[in-house]
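Each chain, written out:
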Amino acid sequence: MNGIHDMGGMDGFGKAEPEENEPVFHAPWEGAVMAATRVMGANGGWNIDQGRYGIELLPPERYLTSYYHRWLARCEWALVAYGYADADEIAAGRSLRPGKTPPRGKFTVADLGRVTRRGTFYRETNTAAKFAVGDRVRARNIHPKGHTRLPRYVRGHVGVVERLHGCQVFPDSAAMGQGDNPQWLYTVRFDGRDLWGPDADPTVVVSVEAFEPYLEAAT
Amino acid sequence: MTDHDHRHASSDLSETELRVRALQTILIDKGYTDAAALDAIVETYEQKIGPHIGARVVARAWTDPAFRKALLSDATAAVAPFGHGGTVGDHLVAVENTPERHNMVVCTLCSCYPWDVLGLPPVWYKSFAYRSRTVKEPRAVLREFGLILPERIEIRVWDSTAEVRYLVLPMRPAGTEGWSEEKLATLVTRDSMVGTGLPRSPGARP
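Top line first, the protein sequences correspond to chains A and B. Under this note's numbering, the first residue of the first sequence is numbered 7, with each subsequent residue one higher. Under this note's numbering, the first residue of the second sequence is numbered 887, with each subsequent residue one higher.
These aren't lab readings, by the way, just hints derived from the structure by calculation. If you're wondering where the values come from, they're calculated on a predicted model, not measured in any experiment. Among the hints, erroneous ones may be present.
[As the list claims (entries may be wrong)] Below, computed lysine to any residue pairings styled on SDA-like, alpha-carbon distance capped at 20 Å: (1) B/K1012 / A/E67; (2) B/K1012 / A/T71; (3) A/K112 / A/Y88; (4) A/K106 / B/Q910; (5) A/K106 / A/V86; (6) B/K1069 / B/T949; (7) B/K934 / B/A922; (8) B/K934 / A/A116; (9) B/K934 / A/V115; (10) A/K106 / A/G89; (11) A/K151 / A/W83; (12) B/K1012 / B/E932; (13) B/K1012 / A/Y69; (14) A/K106 / B/G917; (15) B/K1012 / A/R68; (16) B/K1069 / B/F968; (17) A/K21 / B/C996; (18) A/K151 / A/I54; (19) A/K112 / B/D920; (20) A/K112 / B/A926; (21) B/K955 / A/R169; (22) A/K112 / B/I914; (23) B/K1012 / A/M16; (24) A/K112 / A/R123; (25) A/K106 / B/D915; (26) B/K955 / B/E986; (27) B/K1012 / A/P34; (28) A/K21 / B/L1028; (29) B/K1012 / A/G18; (30) A/K136 / A/A223; (31) A/K136 / A/N187; (32) B/K934 / A/A33; (33) B/K1012 / A/G15.
[To be verified] If the Cβ cut is set under 7 Å, some of the chain B residues that face chain A in the computed set are: (34) A908; (35) T911; (36) T930; (37) F1014; (38) V1027; (39) A1048.
Virtual Cβ for every residue (Gly too), placed ideally from N, Cα, C.
My request is simple: use the sequences and hints to build the entire structure.
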């Protein structure tokens, strides 16, 4: 979806503000939201793409708060959307009826490794990659209403394939509960002036990771 | 921060804190997890997983040419022994700064970051300013970090739009000949591994 989350190239958000000696969390509730959310991912409550889509579905005024405010809103939404709590329980602040068993069961301290070690997104495939390193490709001018990982700022632009990353879970499908639908993944490099016009910094090169369905051959 | 400072009339907790408390209560009541597991996750990211892991990787690459080569060809495999608990996850790519090229990492769509080797991302990395501008005017963003690079250097921006994660391998500072890996690691800052900074100079205060 062409949401507020797709921020590459936007103006008006001010300056980057590095913070000296920044703490990992700025308040205990931030860590608590992170942990609650990671638990529901690790026990299989929802996948990472469904989680990201949950944040993208927030209305812009709720999106434009803070990172952990978004995580909190997303966790409340996903618990209901994926059947792990009901809206009246979120409102009441407690459980009113038994929950459903997550695919990987209750998450305990013994499962910590499932949080601290990233899983693999590689998947088997029997298709050959359509593009090779050095090929010129155009990011398709597509505007899916659901979840996608093709940022707007590269759509319609021609780049060069720089690296292949094998076949991986396709977020556009996984986020919508349509399975892994594995697709070849490429790093595609774009010239800064091609993206941002002739006045842009000529020394800038930008790449994105693009799944094969996002790309078409270019001359 | 919308409701952060709204104190609830009947308690000392803000609305946000009450919502988080509710979330924890529901997860525990329904048997999805327990309080000890939630605490353990927070403690892990506060105390065990952080940029010190990446700093050791970089220092090793500076002192061991075979490791540097392995890191640049398959960072996931090369970095595996450095992780908390002996492993880090998949899909890590290391990109090397050179006198001709400076690398910078961003995630314009959310805030993807190499948690395994750098810990949780700082607020600036997740900020709308960084996410929106880095792909378009990276030199202006770098200036806000106090980093001014010669105009002849290519700025290579990596937008982490899938599950691939990037670690910048900065250049080893001059004047560190003969330094041990451990001592070199003290010069490697988090920002230098994201591309918004350079390693400390020897003699500079940590």
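We went through each hint and held it up to the structure:
The straight-line distance between the Cα atoms of B/K1012 and A/E67 is roughly 17 Å, inside the 20 Å bound, and the hint therefore holds. For the hint linking B/K1012 to A/T71, the alpha-carbon distance of about 11 Å falls within 20 Å, and the restraint holds. A hinted pair counts as satisfied when its Cα atoms are at most 20 Å apart, and A/K112 with A/Y88 qualifies at roughly 16 Å. With a CA separation close to 16 Å, the supplied pair A/K106 and B/Q910 stays within the 20 Å bound.
With a C-alpha separation of about 11 Å, the suggested pairing of A/K106 with A/V86 holds against the 20 Å cut-off. Distance check on the hinted pair: B/K1069 and B/T949 sit about 11 Å apart at the alpha-carbon level, within 20 Å; holds. Between B/K934 and B/A922 the CA atoms are separated by roughly 17 Å; this keeps the pair inside 20 Å, and the hint holds. Between B/K934 and A/A116 the CA atoms are separated by roughly 16 Å; this keeps the pair inside 20 Å, and the hint holds.
Using a Cα cut-off of 20 Å, the hinted pair B/K934 and A/V115 holds, with the two alpha carbons roughly 15 Å apart. Restraint check: the Cα-Cα separation between A/K106 and A/G89 comes to about 7 Å, which is no more than 20 Å; the hinted pair holds. Distance hint between A/K151 and A/W83 is fulfilled; the C-alpha atoms sit about 19 Å from each other, no more than 20 Å. For the given pair, B/K1012 sits about 18 Å from B/E932 by alpha-carbon distance, which is consistent with the 20 Å threshold.
Restraint check: the Cα-Cα separation between B/K1012 and A/Y69 comes to about 12 Å, which is no more than 20 Å; the hinted pair holds. Distance check on the hinted pair: A/K106 and B/G917 sit about 9 Å apart at the alpha-carbon level, within 20 Å; holds. With a CA separation close to 15 Å, the supplied pair B/K1012 and A/R68 stays within the 20 Å bound. For the suggested pair B/K1069 and B/F968, the alpha carbons sit about 17 Å apart, so the restraint of at most 20 Å is met.
The hinted pair formed by A/K21 and B/C996 meets the criterion: a straight-line CA distance of about 18 Å does not exceed 20 Å. Note on A/K151 and A/I54: the hinted pairing holds, with a Cα-Cα distance of about 18 Å set against a maximum of 20 Å. A distance of roughly 8 Å separates the Cα atoms of A/K112 and B/D920; the hinted pair therefore holds under the 20 Å criterion. Simply put, A/K112 and B/A926 have alpha-carbon atoms about 15 Å apart, close enough for the 20 Å limit, and the pair holds.
At roughly 17 Å between alpha-carbon atoms, B/K955 and A/R169 fall within 20 Å of each other, so this suggested pair holds. Of the pairs offered as hints, the one joining A/K112 and B/I914 holds, with about 9 Å between alpha carbons and a cut-off of 20 Å not exceeded. A hinted pair counts as satisfied when its Cα atoms are at most 20 Å apart, and B/K1012 with A/M16 qualifies at roughly 15 Å. Restraint check for A/K112 and A/R123: the C-alpha separation of about 18 Å stays at or below 20 Å, so the hint holds.
Of the supplied pair hints, the one linking A/K106 and B/D915 holds, its CA atoms being roughly 12 Å apart against a limit of 20 Å. Among the hinted pairs, B/K955 with B/E986 is consistent with the structure: their alpha-carbon atoms are about 19 Å apart, no more than 20 Å. Only pairs whose Cα atoms come within 20 Å are accepted, and B/K1012 paired with A/P34 is accepted, the gap being roughly 18 Å. A hinted pair counts as satisfied when its Cα atoms are at most 20 Å apart, and A/K21 with B/L1028 qualifies at roughly 10 Å.
A distance of roughly 16 Å separates the Cα atoms of B/K1012 and A/G18; the hinted pair therefore holds under the 20 Å criterion. For the proposed pair A/K136 and A/A223, the alpha carbon gap of about 9 Å is at most 20 Å, so the pair holds. Taken as a hint, the A/K136 and A/N187 pair is honoured in the structure, with Cα atoms around 16 Å apart against an allowance of 20 Å. Simply put, B/K934 and A/A33 have alpha-carbon atoms about 18 Å apart, close enough for the 20 Å limit, and the pair holds.
Distance check on the hinted pair: B/K1012 and A/G15 sit about 15 Å apart at the alpha-carbon level, within 20 Å; holds. Interface restraint check for B/A908: the shortest CB-CB distance to chain A comes to about 3 Å, inside 7 Å, so the restraint holds. Against a cut-off of 7 Å between C-beta atoms, the interface hint on B/T911 holds, since the closest Cβ of chain A lies about 5 Å away. Restraint check, B/T930 versus chain A: the minimum CB separation of about 6 Å is within 7 Å; hint holds.
Annotation: interface hint on B/F1014 holds; nearest CB of chain A at approximately 4 Å, less than 7 Å. For B/V1027, the shortest C-beta to C-beta distance to chain A is roughly 5 Å, which falls under 7 Å, so the interface hint holds. Satisfaction of the interface hint for B/A1048 is found here, the shortest Cβ-Cβ separation to chain A being roughly 4 Å, below the 7 Å cut-off.
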